[in-house]
Amino acid sequence: MKLMNYFAGAATAIAALAVAGGTAWAACATDDLPGKRDKAGDYPARALTMIVPYGPAGGSGQVAQAMAQAVSDLTGVSINRDHKPGGSGTVGMTSYMATPPDGYTVMEHIDDASSAHALDSTRPNPASDLIPLVTSQITFSQIYIRKNEDRFTDWKSFVTWVKAQDGKATIANVSKEGSMERVTMKFITDATGMKIQQISFDKGAPRYGALAGGQVDALFEQPGDVRKFLDAGRFKPILTILKERPAAFADVPSIKDEGMNFEPLFRFRGFYVKKGAPADRVEWLQWAFQKAFCTEGYQKYNESKFMNLIDSYRDTKGSQELITSTVAQYREVYKSMGLEVK
Amino acid sequence: MDAFTNFATGTVTLFSDPLGIALFFGGVIGGMLFGAIPGVSMLTLAAILLPFTAHLSAEHGIMLFSVIYCTGVYGGAITAILFNIPGAPENAPTAFDGYPMTLKGEAGKAVGAAVMCSAIGGTVSAILMMLATEPIAEWAISAFGPPEIFALVFFGLAVAASVGAKTLWKGWLSILAGLMIAVVGLDPVGGIERYDFEMPYLLAGIHFIPTILGFFAVSEIMVQAEKKATGAYKAPKISVDFPSFGELWAHKIAVLRSIIIGFFCGILPGIGATLAAFMGYNEAVRWSKERWEFGKGKLEGVISSETANNAATGAAMIPLLALGLPGGALTAMMVGVFQMHDMEPGPLVFINSADLVWVVFAAMFFANLSILFIGFLETKTIINLLRIPFQFLAPLILMLATVGAYAVRGLVIDVVVMFVAGVAGFFLRRTGYSVAGIVLGLILGKIGEQTFAQAMQMLHYEWTGYFSRPIGLSLLIAGLLTLGASAYRAFFAEPEPEGPPEDAKTT
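Listed in order, the protein sequences are those of chains V and U. If you're matching positions, the first sequence starts at 258 in my numbering and goes up one per residue. If you're matching positions, the second sequence starts at 10 in my numbering and goes up one per residue.
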């Protein structure tokens, strides 16, 4: 329980995440930006390259494609995506840090970059070694069970059942040491006093198949990634890892409803340019990526991924605050978990 | 016959508009070409086409991708047979016997068998897919969890140790070398860094595609160059003799076995055609009375591998369409095509877009059939590539292989891995080790390690938990029996006949 106390001070920007109504934004965050902008001198004179540290099919690959398309539609500048998967985003980050800071190469990355920096400060800090152009997806996690499950039906009966299994109940997630998933599960097990075996699946398809096929008892995931299973009536959320219930999941209890008092961690994905790129180019990129966020195509994509349930947008400054507070939060958790923080 | 009516409707939809027909044949030919050119693959073509599918109807987009999938898996066999360069990893076992056949002047026979068997495997798989997508998908995910997949991998490795190496010991050492390479990078459970030597690029692990290109293409060029330098080089004879019907009929059991294995591997999410081809080949060796003939140009090797990898194509569509679970890279891209049209593959597709599903089914059926016809025409022409003199062909192959190794992940280290594997393969092949065993150890090692860890977590670190999982237990026992039998042969039994003398060996 002492873990929870660490968050009294650490949760600044994250605590401010507002829970939205559950429908699309009435007014988009960057509506006041100009719809057109002159090039910065002759920049961009050629296509941009976007390094994506994950494969094309997962959440990062998809958001990179949607954003690249939206920026191209807006500006007429094409963006080539260069996928460099591996090492939980490390390979892509290392490759990106080796590119020249000329504004022609941008990068997609997720909160893993922040947690990696929290664990080992020699890794690049996305808030200071990079310039965030936009954070375009922020989402929360939920716990899912099969809809036709009869051993338990909601969070309370699930906890009771798990306790009765004496550590033999299973949940599928991505349980890499220090990951958002593993840390959140620690919060939950500490708060409820239950013991559950976490089983690590690094790819989505086998992870969802494991729940659908009855190989595991529950699943830890973000709602956008399992939307098709929710729409098809196969999975059912029993806990929303947020303090408030979003309207789209009004009948699913939040952690606060279930008497858990920790600051939820978020999955966020955004786009970056390297520090040291010419200022006028950075400004052009900021405009292009932030404005692209509000294009109809991108908004439609975000909506299909449940990315409209909480405020999914941060500009450069907002992203820096989000990253800084996330890093601080992880660092405290790691120390309390006994991990060596470098 | 509900399925038949649906199939007829799908066929009519597919061929009733000119754009559909054009896309169908474009996909058939494009898939074959990109599959056949080493360095690019059907994945390259699919990635190029992906953004354009937004401008097509959903039916056309999905149909195009499924056609590319079927013909691309076949296309990679051609270069595997002619030049020892598998166009894609699922064609690697095809090279084991296909390339030696080319050296023996039987290229036409090998390519012909690949054409026939790809078509047969793919077509049967497409029919099974049409008849039973939903029940099969549900069965596969509930019967096959990580413990079963690990048991399958264990069984596969036990069989593979007897493939391609001179002795059992060398076979096992080859497999173990592959397993060792597979543990480089982040471990699949805790994300612990292993054997990275402080190099971030090694964290991503050693990828099997550059390894395959190195072991097969680069080392083969070195072998041929050495022969050229010592005057021992002989250009492969050109032949366009197709296998006779009798020859193929003699392998009906092998075809049937590979269809079952390929289909079965294809339906498991995340396993797919590569494992299907290796398992199909391994089983052919295991059941053969002339196992020493494998790797020296045995038609059955080509047949088993090519039937199995195409049989996996229809099967891979089952978890994708019925459950929304893609089994490999190309099926994952198909998810992208669905999403561009505001659809998610999964249980709802059958309810909301049954028409679309049947257009896909019909397209895959006819794509596999068309391999037969277009494949025959193509074969007659493409075999003539063998007429290019070695000194012009070798640099071209090296260049394509280099591009191919780099293109996997956009990492220069993959090119380095390819050349290191090439040099290592050159020496390993002389000493009777099996490069195929190393590659298989690498591919199966990655799957095996992850599923082993998951299985142990699921069974609470008690292996006796397998007693409550009959399928997994059977596979484990089969693997142990295989191990025991091969150990018995190595120690007690009479040495197996070696067949032709060693110097006639090519791998």
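No lab work stands behind these hints, which were simulated from the structure alone. All C-beta atoms in this analysis are idealised placements derived from N, C-alpha and C, irrespective of residue type, glycine included. One thing to keep in mind: the hints can contain errors.
To be verified - Covered, in the sense of this in silico footprint (three residues per stretch, anywhere, with C-beta under 8 Å from a C-beta of chain V), are these stretches of chain U:
hint, stretch
1, 118-129
2, 455-463
To be verified - A short list of chain V residues far from chain U (calculated; beta carbon distances all over 10 Å):
hint, residue
3, T287
4, H340
5, K413
6, E434
7, I445
8, A462
9, A467
10, K485
11, V509
12, A585
13, R588
14, E589
Structure-based check of all given hints:
| no. | hint | result |
| --- | --- | --- |
| 1 | 118-129 | violated (count 0) |
| 2 | 455-463 | holds (count 3) |
| 3 | T287 | holds, 24 Å |
| 4 | H340 | violated, 7 Å |
| 5 | K413 | holds, 25 Å |
| 6 | E434 | violated, 5 Å |
| 7 | I445 | holds, 18 Å |
| 8 | A462 | violated, 4 Å |
| 9 | A467 | violated, 7 Å |
| 10 | K485 | violated, 4 Å |
| 11 | V509 | holds, 21 Å |
| 12 | A585 | holds, 22 Å |
| 13 | R588 | holds, 17 Å |
| 14 | E589 | holds, 20 Å |
Of the numbered hints listed earlier, those contradicted by the structure are 1, 4, 6, 8, 9, 10.
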